[in-house]
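S.K.: Take a look at the letters that make up each chain.
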Amino acid sequence: MLIKFLVNLFFVFVVFLLNLTFFQSINPYFGKINLLLVVLIFVTALFKYEEAVTWTVMICILSEIYSFLPFGFLTILFFLSFLFIYFLFSNVFTDRSFYSFLVTTILATLFYEFLFRTMIYFWQGIPFLFIKEFWIFSVNIVISNLIVVVLFFYIINFLFNKFNSIFIKV
Amino acid sequence: MFRQNTSIKSKFKKVRFLIFVFLIFLILHFFKITTPIENTILSTANGLKTRIYASSIFLNSIFNEKETKETIDDLRRENIELMTKNAKLETLQAENKVLREHLNFLKEKKYEYIISNVISKNIVLDVREKNGDIVIDKGKKDGVGFGDVVLSKEGVVIGKINNVKDRISSVVLVSNNKCKLAAMLQNGTGVSGIVEGRLGLTMSMNFIPQTEDISIGDLIVTSGLEKNIPKGLLIGDVSQVKKESNKIWQSAVIDPIIDFDDILIVSILKSKNK
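These protein sequence lines are chains A and B, in that order.
Here the first sequence is numbered in the numbering used here, starting from 87 and rising by one per residue.
Here the second sequence is numbered in the numbering used here, starting from 3 and rising by one per residue.
These are calculated hints, taken from the structure and not from any lab test.
All residues carry an ideal CB built from backbone N, CA and C; glycine is no exception.
There could be a bad hint or two in this list.
Claimed, not checked - Chain B is nowhere near these chain A residues, computed Cβ spacing over 10 Å in every case:
hint, residue
1, F91
2, V178
3, F238
Stated by the list, open to error - Lysine to any residue pairs mimicking SDA-like chemistry, simulated, CA-CA at most 20 Å apart:
hint, chain 1, residue 1, chain 2, residue 2
4, B, K272, B, N165
5, B, K244, B, N179
6, A, K90, B, K244
7, A, K134, B, F19
8, B, K245, B, I210
9, B, K167, A, G158
10, B, K180, A, Q210
11, B, K142, A, F157
12, B, K15, A, E137
13, B, K34, A, L155
14, B, K15, A, T140
15, B, K180, A, K134
16, B, K155, B, L235
17, A, K218, B, N179
18, B, K87, B, G219
19, A, K118, A, I233
20, B, K180, A, M205
21, B, K180, B, L236
22, A, K134, A, N247
23, B, K272, B, G226
One chain only, chain A, in its complex shape:
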């Protein structure tokens, strides 16, 4: 149990470091990737609920330590995003297919971005909804996340054969 926890902690730490230091600065296109959210989608789909919560908590703790936003800001953001993803996977897209991952990624990314900007709006009054850049930014993030999800899906499917067939059989 402890070994499993430590292994999980190690992987969360690696993902977190990659997201914060590597992807953010390597290139503006890579900087759009929200690796933590993508990982959360896969964790929610693949792991048990309790294990997914553990990952979410660890992601939240690390994010809060490095964040200069008010404490609890990112925790609320990630927890609500996790609940949203969990809801989608347990009630709407239950078949764990390629398409379900793509749609979940689009919805979860938009949910995350919308929630984040709304919270920023209430905290600092920075508008977003009727600003062109917000929509361009969101579309860029969705596309970047989708590319990562496709890569992850193929890699995980190749290694573990965990998901349903990629194309719907007619």
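Assemble the complex: chain A is given as a structure, and chain B must be docked to it using the hints.
M.R.: Just chain B, lined up with the frame of chain A:
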């Protein structure tokens, strides 16, 4: 019916568990019980983060290779011009040295530096801005304070400290809307004003009287009117002058001298009397 009830109950239980975990985390943080753990994580990870950040900057430079070649050509040309200017400046510097000795300026050397590594970029809060803040690996415990000015290795102003934690700090870049600096033109007129960031790209200096002469290429330096920020630190150069005859004031667009994407090491300037 019974099954449905059980399923709903189980889901409520799961949500309760989630809220419980969140509250525990919140309480532990507010009572600072988690602070030693947080600091340990921060200090352990900072070294690693610096290396990862440096490698990403290196990869970024590969992506921008074409752009870099063009920049090198421009820089070569600029270098020749600068060498000519430098020869003139060296003569002036020698003269200046003598004057400084006379005025005992060196006795007033009351500033000290803290060298720090950039470990990441912060989340961009305003989607209209190009750059977010940068995060450095020195914090309150290393002597960094709110409002301290941050310089590049060349001594150019990068920004100001806008958030400090025990082991890390956040730097708001001069090109960011939130950053304001008391500055002056270094063209002999001594015109001063406030330099503000513009969407993470450039800066602007507003409220300059129409009667003042500003030329493209004029250097902008700190005016020394701000607490803890000494006079004469380079901020940028004028790239555009906005002058309209029907207005009282004119403004200048200022380009940053350095590329904020390539910053790896910075120095934080702090006064001893803090």
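S.K.: For each hint, tell me whether it holds in the structure or not.
M.R.: Status of the hints after comparison with the structure:
no., hint, result
1, F91, "holds, 14 Å"
2, V178, "holds, 15 Å"
3, F238, "holds, 20 Å"
4, B:K272 - B:N165, "holds, 15 Å"
5, B:K244 - B:N179, "holds, 19 Å"
6, A:K90 - B:K244, "violated, 63 Å"
7, A:K134 - B:F19, "holds, 14 Å"
8, B:K245 - B:I210, "holds, 10 Å"
9, B:K167 - A:G158, "holds, 16 Å"
10, B:K180 - A:Q210, "holds, 12 Å"
11, B:K142 - A:F157, "holds, 18 Å"
12, B:K15 - A:E137, "holds, 15 Å"
13, B:K34 - A:L155, "holds, 17 Å"
14, B:K15 - A:T140, "holds, 16 Å"
15, B:K180 - A:K134, "violated, 44 Å"
16, B:K155 - B:L235, "holds, 12 Å"
17, A:K218 - B:N179, "holds, 18 Å"
18, B:K87 - B:G219, "holds, 14 Å"
19, A:K118 - A:I233, "holds, 11 Å"
20, B:K180 - A:M205, "holds, 19 Å"
21, B:K180 - B:L236, "holds, 19 Å"
22, A:K134 - A:N247, "holds, 17 Å"
23, B:K272 - B:G226, "holds, 13 Å"
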